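Peer 1: Produce the complete structure using the sequences and hints provided.
Those letters in the sequence shown? Residues -20 to -1, 1 to 125, by mature numbering (1 follows the signal peptide of the UniProt record, and there is no 0).
To be clear, the hints were calculated from the coordinates, so they are not data collected in a lab.
Check each hint, because a few of them may be wrong.
In silico lysine-lysine, DSS-like type, Cα no more than 27 angstroms apart, as pairs [to be verified]:
no.: 1; residue 1: Lys43; residue 2: Lys94
no.: 2; residue 1: Lys114; residue 2: Lys60
no.: 3; residue 1: Lys94; residue 2: Lys118
no.: 4; residue 1: Lys60; residue 2: Lys118
no.: 5; residue 1: Lys94; residue 2: Lys58
no.: 6; residue 1: Lys43; residue 2: Lys(-18)
Since the model is a prediction, treat every value here as computed from it, not as a measurement.
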Amino acid sequence: MKKTIITLIVIFIATCYAQAQCCNKAEETKAENKTCCSSDSSQVKTTIAAYYFHTSRRCETCKAVEAVSKEATEEYSKVKVPFLSIDVEDESQQALVEKYQVSGQTLLIVGPGKTVDLTTDAFMNARTNPDKLKAKIKDTIDTMR
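Peer 2: And the structure:
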């Protein structure tokens, strides 16, 4: 009985914590205006940007995610979408790392008032089905325009 009660309390606390994180992230996203930070933290006027956060040491899949994502944004002809590769271990990039609350490999498409996390799709498809990842990135950009 004690184990059940403790388990329920832990689940409740974890749920509250997760909900608080989601609310904080949503409010930060709403607060963004139509500017995005570039890799050198200067402001660039744009409406949509792709950010690939990574660590210094990367596996082949991590490298493939970057290559395919960059290629997809360069091939996208409807609007210019900057692709920024950001090392989370680089001290000069900490403002962006904190802004988007990332700690490792993460692929984000950031638009006006909206941030879409494509990390799962990226890692599932970058090596085995890169065309599917490119299509997902392009579809995400289309929904933000």
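Peer 1: All the hints need checking, so say for each whether the structure fits it.
Peer 2: Each hint, compared with the structure:
At most 27 angstroms may separate the alpha-carbon atoms for a hinted pair to count; Lys43 and Lys94 meet this at roughly 26 angstroms. With a C-alpha separation of about 15 angstroms, the suggested pairing of Lys114 with Lys60 holds against the 27 angstroms cut-off. Between Lys94 and Lys118 the alpha-carbon distance is near 15 angstroms, which keeps this suggested pair within the 27 angstroms criterion. Taken as a hint, the Lys60 and Lys118 pair is honoured in the structure, with Cα atoms around 12 angstroms apart against an allowance of 27 angstroms.
Taken as a hint, the Lys94 and Lys58 pair is honoured in the structure, with Cα atoms around 19 angstroms apart against an allowance of 27 angstroms. For a cut-off of 27 angstroms, the pair hint linking Lys43 to Lys(-18) is broken: about 44 angstroms separates their Cα positions.
The structure is inconsistent with hint 6 alone, although it conforms to all the rest.
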